[in-house]
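Enquirer: Listed below, chain by chain, are the residues.
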Amino acid sequence: MTLLAIFGVISSAIYSGTSLLYATLGEVVGERAGIVNLGLEGILLVSAASGVAVAGMTNNPYLGIMAAMLAGGLMNLMFGYLVITRKANQLASGLSMMFFGFGLSALIGRDFVGVKITALPKLLLPGLSSLPRLYTSLFRFDFLIILVVPMAFLIWWLLFRTRWGLVLRAVGENADIAFASGRNPLWMRYQALFLSGLLAGMGAAHLAIVYTMSWTQYMTGGIGFIAVALVIFSKWHPLRAIAGVLIFSGAVAFQLLLQASGVQVSPFLLNSIPYVLTIIVLIAWGGNRKQSAPASLGRVYQGTE
Amino acid sequence: MAQPTETPKRKTFMGQKTITAALRYILMLLLSLVLFGIILALAGKNPIQATIDIFRSTLGSSYGISEVIVAMVPMVITAVAVAIPSRAGLINVGVEGQLYMGACLATWGALTFTQLPAWALLPLLIALGMLGGAFWAFIPGFLKAIGLVNETITSLLLNLVAVNITAFLIFGFWHGPMDTNKTASFIPAARLPTFFGTRIDLSLVFALALLWLFWYLMKYSRWGLEIRAIGGNPQAARRNGIPLKAYQVTLMSLGGAIAGIAGMSLVSGYYGLLLANFSTGYGYMGFLISWLSFGNPVGILLVSFLVAMITTGGNLLQLTQGVPYAVINILLALSLYIVMARPKFFKEAKQ
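Sequence order for the protein chains is A and B. Numbered according to this note's numbering, the first sequence spans residues 35 to 339. Numbered according to this note's numbering, the second sequence spans residues -17 to 333.
Each hint should be verified, as a subset may be incorrect.
Claimed, not checked - Quick list of the computed label-pair ranges, beta carbon to beta carbon:
#	chain 1	residue 1	chain 2	residue 2	range
1	B	167	A	40	43 to 53 Å
2	B	24	A	115	32 to 42 Å
3	A	115	B	2	20 to 30 Å
Unchecked claim - Straight-line C-alpha distance at most 30 Å; calculated DSSO-like pairs for lysine-lysine:
#	chain 1	residue 1	chain 2	residue 2
4	A	150	B	227
5	A	269	B	227
6	A	121	A	269
7	A	121	B	27
Hints listed in this document are in silico derivations from the structure and should not be mistaken for laboratory results. As the structure is a prediction and not an experimental result, all values here were calculated from the model. From the three backbone atoms N, C-alpha and C, an ideal C-beta is built for every residue, glycine too.
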């Protein structure tokens, strides 16, 4: 196997890992405020479809990215109305948002199946320009990829180094006490969900507008569920989420490498490695997991009536 | 003395409550139809025609009704698979995967024991389906019982593993001579018998029997009492001598076994073969149905019928309105959304 093949695999792992990391960061923010969003898969699909639709109509990928982010935010607000204001069960609401996303994205994307959209400009990483052209083409990244790791740090800073983040985490730990200290848990959760939706939208935009540059039905292929698993894997921490996504993308890359080198292993078995790995890690952490999960995760804040 | 005067009073109150509840649900359904119509109109389709199409294609003919029942049966079974563990506070989001594993094992049986007559083969397939589902649910149940990992997340992750294992088995070993993504059709002895010349098959009987069994177990057996005690307060139940961990493992496995029946009846009845990605979210739908009906057997039946009506109507919508089949998910999700938002149409509903 050549060096080129290895680089190719790494490059594709970076591309597939980026949307996953955005989605995972979004879910971290939501879960830190105490809300599990199982509908992430559907929200990603709606974001991707709206992004492609706007990018296809305006021929402007930047507008497409913004539309995808906005769509993610709005979908999450809709989810929020159910679980925050109407106090519905989070798992069931999430699943119904997933079905809603399946339907809405199919309707939005209907006229854009197979439409190719304008690509984003790709920048070369500094220090790599001396490589031969064949290699540099693999390491030309768009700004969404370049921004993803700084974004994880930004989210970490927001959550752990600002007053806003402190209140957000307090709401996720114990909404009653946050309320008693003069905060509004409901309003805080809406903010968290909106930010979470924007991040999910960025992930979906990267997937649809930058990576595949087209819309196909059910194109996210389970990224939403993987992100939900990775949040637990990374113990609700944005920086550990980077590590989680690296392991996951590494497994994907490993699988591609095996295929490229002609080893006969079923891709379906390799596909399930990340999930099995996550379960094994969860087992290995066992009991001490409780300290890192937001204490009132999944619980409905009943208010003071 | 107080007893006879109080009983009729309660009855009228209950009667009023039932009527109000029924009215609320009808209003909710109408509201979701209106919202769906608005979305369709925005997409440039004729919403009134679409609504008429949905009702005419499902309730308008005996064939339509039979198709709704065909779609309803797996939903009822998966809803029971969620409802039983949920009575003890266990959240089984893994029905989708358990259904796949049940279908896999049943398919293995159907492809291996081709010499057996139907009366021996079908029970064997059911047992294999239950075994596959139970095994897949045993894993999260066991991990929960020994206090390692929450069952919600493990069962969710195992769903995706099961889908991949199914695809692996089909593409690697079981695919038919002409296809890559599905097995050859099962032999007639491995097919569930159908009724009245429709596609309704024996799984309808399974579904109704399971519903009855679920209701009877919960209401009249000692197990039901203990299960409800665990659901109320696990630690109190444990201190009262109820074997909490044994119940957790058993109930998860039982849920899985029931999900396995759903998988078996889909491959052996509806499809007659095993297809990669054959389940279009039946497991998740079962979770929603069980949750919406609060684990009430009659509620499960009614909600499943309604959901099946919507999905079946979607087939025709695809033909007449030229929208992708997935669009029917909007109507489905809107109804779920509105039911979960619990709008207050009447003042009485608050009490």
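Enquirer: Each hint: holds or not?
Expert: Hint by hint, here is what the structure shows:
no., hint, result
1, 167(B) <-> 40(A): 43 to 53 Å, "holds (44 Å)"
2, 24(B) <-> 115(A): 32 to 42 Å, "violated (20 Å)"
3, 115(A) <-> 2(B): 20 to 30 Å, "holds (24 Å)"
4, 150(A) <-> 227(B), "violated (55 Å)"
5, 269(A) <-> 227(B), "holds (26 Å)"
6, 121(A) <-> 269(A), "holds (26 Å)"
7, 121(A) <-> 27(B), "violated (34 Å)"
When each numbered hint is compared with the structure, violations occur for hints 2, 4 and 7.
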